[in-house]
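Peer 1: Residues per chain, in single letters:
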Amino acid sequence: MSHAQMTRPTAPGDISSVSPSLPTPEQQFATAAVHAGEARQKPGDAITDPIFCASTYTFADTQSVIDFIEQEQPREEYGRYGNPGERVVERKLAALEGAEEAVLYSSGMAALVGLLMAKLSAGDEVIFFDECYHRSREFCTKHLGRFGVTTRQVKTCDYAAMEAAITPKTRMLISESPTNPHLSVVDLERFAEIGRKRGVDTLIDATLATPYNLRPIAAGVDFVLHSATKYLGGHNDLLAGVVLGSKEKMEPVRNLRGIMGAVNGPQNCYLLGRGLKTFELRMQRHNENGMMVAEFLAGHPRIERVYYPGLPTHPYYEIARKTMRGFGGLVTFLVKDADWRATADVIDAVKIPRIAPSLGGVESLIEQPLVMSYYQQTPEARKQFGIYDNMIRMSCGIESADDLIADLSQALDGAA
Amino acid sequence: MQFRTRAIHVGNEPCPQTGAVVPPIHLATTFVQPGAGEWGEFDYSRSGNPTRKSFETTLASLEGGVGALAFATGMAATHCVIASLKSGDHVVACSDIYGGTYRLLHKIANRAGITVTLVDTADLAKVAAAFTPATKLLWIESPGNPRMSITDIEACANLAHGRGALLGVDSTFATPVLTRPLELGADIVMHSATKYIGGHSDAMGGALVVRDPALLKELYFVQNATGAVMGPLESFLCSRGLKTLELRVREQCRTAQQLAEWLASHPRVAQVLYPGLTGHAGHELARRQMGGQFGAMISFEIRGDLAAGKRFAESTKLFSLAVSLGAVESLIEQPASMSHASYDAADRAKHGIADGLIRISVGLEAFEDLRDDLESAFGAI
Ligand SMILES: Cc1ncc(COP(=O)(O)O)c(C=O)c1O
Ligand SMILES: Cc1ncc(COP(=O)(O)O)c(C=O)c1O
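One line per chain: the protein sequences are A and Z, in this order. Residue 234 in our numbering sits at position 234 of the first sequence; the count goes up by one each step and never skips. Residue 37 in our numbering sits at position 37 of the second sequence; the count goes up by one each step and never skips.
Derived from the structure by calculation, the hints contain no laboratory data. Incorrect hints may have been included.
Unchecked claim - Facing chain Z, from chain A, some residues (calculated, C-beta under 8 angstroms):
#1 A30
#2 T31
#3 H35
#4 I47
#5 T48
#6 D67
#7 Q71
#8 R75
#9 S107
#10 M109
#11 V362
#12 E363
#13 G397
#14 E399
To be verified - Straight-line C-alpha distance at most 35 angstroms; calculated DSBU-like pairs for lysine-lysine:
#15 Z:K86 - Z:K107
#16 Z:K53 - A:K351
#17 A:K247 - A:K169
#18 A:K119 - A:K383
#19 A:K322 - A:K42
#20 Z:K53 - A:K42
#21 A:K351 - A:K336
#22 Z:K136 - A:K351
#23 A:K42 - Z:K136
#24 Z:K317 - A:K249
#25 A:K42 - A:K142
#26 A:K42 - Z:K317
#27 A:K322 - A:K119
#28 Z:K217 - Z:K136
#29 A:K155 - A:K169
#30 A:K119 - A:K169
#31 A:K247 - Z:K317
#32 Z:K217 - Z:K53
#33 A:K142 - A:K197
#34 A:K169 - A:K383
#35 A:K197 - A:K383
Don't be surprised by glycine CBs; every beta carbon is placed ideally from N, CA and C.
Put together the whole structure using the sequences plus the hints.
Peer 2: As structure tokens, this is what we get:
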């Protein structure tokens, strides 16, 4: 395996472009998760990369400073512009995503804000599919406007509506896939094609899918964003975000990050890189657990509806099956004939998943969107966003699926 | 709750003050007490630390013990057991043993008047014959290092208990995913947490787990008195490692089995020492004792001399040339020139450490990539 092959894993399922003598993409992915982005021989000959806590980097003499500036030498300068451990993680993430460039941030929101601030100016417009993380919506609708940027929301997966909303001022089309919490799955090629045809950049927040399950760049999307707080970090013990794209398109993004300063600390970068080593194994287990829990819920008499792209009853099952390697650990469901309190009783009765926002970690989490994220919204607004009183969102961790199912089972039966 | 669920939840209760889903890392060396002469749960970090306790609680659950003690290194853990012995006591230990343990027994324990007999513990008759009235401890490794010998833990426990001795098992290679010695009758399980438990080559650590509260108390007394405790940051990293332990070990075993089978049919390999191969002397026993998987350490002898083995070990691109084992990245070493270089040629031959012997620790990389890497190294010799 050459380094080039290792750092450019092919899109999942896209076996056709790989010669038979090469390892399958999935297997390359496992190796890349451990090694990609890292120097073979590391500082101090250590097997793992050191954590550089330095805020600044020294120059031997004045001439070295001048050479650094004039020749644009690739070396460290000051912690806000990057640090060696962060570069390792950025290269690893780029390799796993099949992207040229990754820029890391201190959170997923910082990544979104960093990208949009770098790409938009007063007078510009952005259009996004309306199912999304509520803070992403809040930033776009409440804050971008203050800088003279107009935001339009269209119904998720209504491609005609999205295209119709494009004006000469439109600069960015945005969607999540799968969306949070409804797990709608976007036809990425169609989405990317609209942008390409109209000369507008496209962005997919693929936090819920991860590069293990989905490859938006291979489908022609310009930017991919992840809240690395979720599956990429994977242990519910760090916050981070990342934007990926081509070198050319990412250059202004990286430059603005150096000015805005939402960088990830060196220790955090290390933990993120450490988490990525087991990324494939964790994702396989999240996918398995998500599927098993979704199937269990779908067959339970107290459940009205399950939102999970791996279930044939899901409206986007066909596109999910074609484009995703697995469907992740997030499962959203509605409890039959339950008001908000009866729904809360189910949540309060589970013993293994913890009640908390966030998702994608090794420990399972559970929440009621009505209470956790939409408590202060009006009933009309909730209805508009498809947030029902009897909705539960569960992030399946990597515990035993049997334990998770037994726990849900007792909670549903007991709270009836 | 199943193993995998306990690995994530037991010992990791959310912080009661803040709700933090991952318990905080307590770097504090000392803890404020409720009153003079009144003691809280923690007083001084050598005696106890919440982050260390968290790791110990999870590990004790995974091993099925009443409690665990976490140490700065694996050697510190083993030393704690040895330090609980007295002058005049006798230890029977396996001959296929980690070099550091060999050194501890022969060059440190002897200073306290403790005597040692090494035997091939795969042969129970030899083990029984090595016992004396002064024998207080039988110490085994399974799989052994570097020849991957398999020792019958249950039989050794019966033997030791019949003679009034304790059985200690260095279970570093097996991990609680594959073998739980306490359930088989052992009194003490020891781990170099540096290996699979931490799992990412980035923390030194050791641990003891026991099933008898009185023994726990005794070993805790020695640990607290001698002080080689695990630090809070390492405890955090080891706890984090335990959460993916089962996934990692099972995957590493699967890849190791494939590699061992491939190596066994390779024309340039004289012999493969891996308990997962039917030809291995301990195969049947390992199948029972390791739950159907056989670990991720493989030793094999290539056809060639010391120099050929050296060239082979230096030629891999994915396997890093380094001692240690058990982590996400694969490692390779040549026992004759590295881990067992202090033996002279005759001694190496006696212990079955051939010049062409290579030991690999299989990581999480893809089987095909690792196989291709070894194949290209064969081309370099
Ligand atoms: C889909 C999605 N995007 C973005 C974010 C924001 O990420 P962070 O919390 O790391 O800022 C979240 C987190 O909740 C999310 O679920
Ligand atoms: C089987 C075994 N036991 C004990 C040890 C010692 O552990 P540590 O290096 O953590 O002191 C090792 C380490 O190499 C080992 O392989």
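Peer 1: Next, verify each hint and record whether it holds.
Peer 2: Comparing the hints with the structure gives:
Interface restraint check: A:A30 against chain Z, minimum CB-CB distance 5 angstroms, threshold 8 angstroms, status holds. The closest approach between the C-beta of A:T31 and any C-beta of chain Z is roughly 4 angstroms, which is under the 8 angstroms cut-off, so the hint is satisfied. Interface restraint check: A:H35 against chain Z, minimum CB-CB distance 7 angstroms, threshold 8 angstroms, status holds. With 8 angstroms as the threshold, the beta carbon of A:I47 comes within range of chain Z, its nearest partner Cβ sitting at about 5 angstroms, so the hint holds.
Checking A:T48 against chain Z: minimum C-beta separation of about 5 angstroms stays under 8 angstroms; hint holds. Hint status for A:D67: violated, given a least beta-carbon distance of 33 angstroms to chain Z, over 8 angstroms. Restraint check, A:Q71 versus chain Z: the minimum CB separation of about 31 angstroms is more than 8 angstroms; hint violated. Here the hint on A:R75 is broken, as its CB sits about 25 angstroms from the closest CB of chain Z, past 8 angstroms.
Against a cut-off of 8 angstroms between C-beta atoms, the interface hint on A:S107 is violated, since the closest Cβ of chain Z lies about 17 angstroms away. A distance limit of 8 angstroms between C-beta atoms decides the matter here; for A:M109 the minimum to chain Z is near 19 angstroms, and the interface restraint is violated. With a least beta-carbon distance of about 5 angstroms to chain Z, the hint placing A:V362 at the interface is held under the 8 angstroms criterion. Here the hint on A:E363 is kept, as its CB sits about 5 angstroms from the closest CB of chain Z, short of 8 angstroms.
Taking 8 angstroms as the C-beta cut-off, the interface hint given for A:G397 holds, the closest approach to chain Z being about 6 angstroms. A cut of 8 angstroms between beta carbons decides the hint on A:E399: the least distance to chain Z is about 4 angstroms, and the hint holds. Of the supplied pair hints, the one linking Z:K86 and Z:K107 holds, its CA atoms being roughly 16 angstroms apart against a limit of 35 angstroms. At most 35 angstroms may separate the alpha-carbon atoms for a hinted pair to count; Z:K53 and A:K351 meet this at roughly 22 angstroms.
Taking the CA atoms of A:K247 and A:K169, the gap is near 24 angstroms; set against the 35 angstroms cutoff, the hint holds. At roughly 32 angstroms between alpha-carbon atoms, A:K119 and A:K383 fall within 35 angstroms of each other, so this suggested pair holds. Proximity of A:K322 to A:K42 is assessed by CA-CA distance (about 40 angstroms); at most 35 angstroms being required, the pair is judged violated. This hinted pair checks out: Z:K53 and A:K42 have alpha carbons roughly 33 angstroms apart, not beyond 35 angstroms.
Our distance criterion of 35 angstroms between C-alpha atoms is met by A:K351 and A:K336, whose separation comes to about 21 angstroms. The straight-line distance between the Cα atoms of Z:K136 and A:K351 is roughly 44 angstroms, outside the 35 angstroms bound, and the hint therefore fails. Between the alpha carbons of A:K42 and Z:K136 the distance comes to roughly 46 angstroms, so the proposed pair goes past 35 angstroms and is violated. The straight-line distance between the Cα atoms of Z:K317 and A:K249 is roughly 33 angstroms, inside the 35 angstroms bound, and the hint therefore holds.
Restraint check: the Cα-Cα separation between A:K42 and A:K142 comes to about 46 angstroms, which exceeds 35 angstroms; the hinted pair is violated. Proximity of A:K42 to Z:K317 is assessed by CA-CA distance (about 14 angstroms); at most 35 angstroms being required, the pair is judged to hold. Under the criterion of a C-alpha separation no larger than 35 angstroms, the hint pairing A:K322 with A:K119 is consistent with the structure, at around 31 angstroms. The straight-line distance between the Cα atoms of Z:K217 and Z:K136 is roughly 18 angstroms, inside the 35 angstroms bound, and the hint therefore holds.
The suggested pairing of A:K155 with A:K169 holds, with an alpha-carbon distance near 20 angstroms, which does not exceed 35 angstroms. Restraint check for A:K119 and A:K169: the C-alpha separation of about 13 angstroms stays at or below 35 angstroms, so the hint holds. Restraint check: the Cα-Cα separation between A:K247 and Z:K317 comes to about 28 angstroms, which is no more than 35 angstroms; the hinted pair holds. For a cut-off of 35 angstroms, the pair hint linking Z:K217 to Z:K53 stands: about 15 angstroms separates their Cα positions.
As the CA atoms of A:K142 and A:K197 are separated by approximately 29 angstroms, the hinted pair is consistent with the 35 angstroms bound. For the hint pairing A:K169 with A:K383, the CA-to-CA distance comes to about 30 angstroms; that is within 35 angstroms, so the pair holds. With a C-alpha separation of about 34 angstroms, the suggested pair A:K197 and A:K383 falls inside the 35 angstroms cut-off, and the hint holds.
Going down the numbered hints, you'll see the structure goes against 6, 7, 8, 9, 10, 19, 22, 23, 25, while the others check out.
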